[in-house]
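**Q** This is what each chain is made of:
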Amino acid sequence: MAILIPAGGFTQQLEEFAKQLAYLSDVVDVGDDRGAQLRSTSFRVELPDSSSGASTVFDYREEFRRTQGGWLRTRYYFELRVSQPNERDRLHSRKAHHEHEDRGIHQHCEGPGRPDAHYVDVERLKQATHEDFLRFVAKGSPIECYGLVRLGTPRDQRNRGAG
Amino acid sequence: MATEPRGTFLLDRRPRSVEELGIERKPFYTPGEVAKILDVSDQKVLDRIHAPIDDPFHIYAVVVGPRIYRIPFGALLQLIGITPQVRVSDRPNLIADGIRDELPTAPRSENVRRKKPVR
Chain F
1 MAILIPAGGF TQQLEEFAKQ LAYLSDVVDV GDDRGAQLRS TSFRVELPDS
51 SSGASTVFDY REEFRRTQGG WLRTRYYFEL RVSQPNERDR LHSRKAHHEH
101 EDRGIHQHCE GPGRPDAHYV DVERLKQATH EDFLRFVAKG SPIECYGLVR
151 LGTPRDQRNR GAG
Chain H
1 MATEPRGTFL LDRRPRSVEE LGIERKPFYT PGEVAKILDV SDQKVLDRIH
51 APIDDPFHIY AVVVGPRIYR IPFGALLQLI GITPQVRVSD RPNLIADGIR
101 DELPTAPRSE NVRRKKPVR
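In order, the protein sequence lines correspond to chains F and H. Under this note's numbering, the first residue of the first sequence is numbered 1, with each subsequent residue one higher. Under this note's numbering, the first residue of the second sequence is numbered 1, with each subsequent residue one higher.
Keep in mind that the hints were calculated from the coordinates and are not lab data. None of the values given here were measured: they were computed from a predicted structure. Treat each hint with caution, since some may be false.
Unchecked claim - DSS-like cross-link-like pairs, simulated, lysine-lysine; straight-line CA separation at most 25 Å:
#1 F/Lys139 x H/Lys44
#2 H/Lys26 x H/Lys36
#3 F/Lys139 x H/Lys36
#4 F/Lys19 x F/Lys126
#5 F/Lys139 x F/Lys19
#6 H/Lys26 x H/Lys44
#7 F/Lys139 x H/Lys26
#8 F/Lys19 x H/Lys26
#9 F/Lys126 x F/Lys139
Unchecked claim - Reference listing, derived: stretches of chain F covered by chain H, where coverage requires no fewer than 3 residues with Cβ under 8 Å from a Cβ of chain H:
#10 24-31
#11 58-71
#12 137-144
Ideal Cβ placement from N, Cα and C applies to all residues, glycine included.
Build out the structure end to end from the sequences listed, making use of the hints.
**A** Below is the structure:
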């Protein structure tokens, strides 16, 4: 599935998403390098919790290539990270959806006693992923990694594709 | 029809910060907590949540279950008249920076499996 954003609506879409994130915290960081042929965008919002001392970060990054029809998404990096209580820089758990070279589309899930690994995933949209993450955090439930299928090494994947 | 802008309808004056209101900072608040902060009834908050999105009195909330809502911190701020800060930069966080640690390595279990047994 190719994600193509019409060139005329690109900035508006960024603004709309930033507006949504502004409902979450008092500070939202938006990045857009406005590249002519390749364009990178990012959104980051942090939700500190003064009672637990933990902090939740929503981190969305995308890269696009200019085509005749608009901006074609080439890579994405959507992450939800929860820090250890009172230690903002130490990770407690993480859920991530990525698409980038070498691995292609995959996801990560890590938590206490569960080290990071690459898992099989389907292609994700930023908006839908955000709604997913948001519902998850709002429920106050811990990140769960049940039912995920491990991804093989890049070589395994190539062999599978060839076979 | 009221013309008061969103965010100022429930409080008499705009606080400059959340600290000024003396509320605990957390990611989400229940409608009951928001009602208490704003000194209105729970029902009024729920009515505002159910109001159409283009209604100036609409309250943004996340639906977490059947008839269960959570109001995010930023939405509460907007409700009391504090505008969240959107910092726009031309230097986005790059994917390459995020995946730097994972790209060259295979999953841990695969690395372990590849090691030859020591004789």
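**Q** Could you run down the list of hints and mark each one as holding or not?
**A** Status of each hint after checking the structure:
1. F/Lys139 x H/Lys44: Roughly 22 Å between the alpha carbons, so the hint for F/Lys139 and H/Lys44 holds.
2. H/Lys26 x H/Lys36: At roughly 15 Å apart (the allowed maximum being 25 Å), H/Lys36 and H/Lys26 satisfy the hint.
3. F/Lys139 x H/Lys36: Since the Cα atoms of F/Lys139 and H/Lys36 sit roughly 21 Å apart, the hinted pair holds (cutoff 25 Å).
4. F/Lys19 x F/Lys126: Judged against 25 Å, a Cα distance of about 14 Å means the pair holds.
5. F/Lys139 x F/Lys19: Measuring from Cα to Cα gives roughly 22 Å; hence the hint holds.
6. H/Lys26 x H/Lys44: 22 Å, holds
7. F/Lys139 x H/Lys26: At roughly 13 Å apart (the allowed maximum being 25 Å), H/Lys26 and F/Lys139 satisfy the hint.
8. F/Lys19 x H/Lys26: Answer holds: F/Lys19 to H/Lys26 is near 20 Å, not above 25 Å.
9. F/Lys126 x F/Lys139: 20 Å, holds
10. 24-31: holds (count 8)
11. 58-71: holds (count 4)
12. 137-144: holds (count 4)
The earlier numbered hints are all upheld by this structure, with none contradicted.
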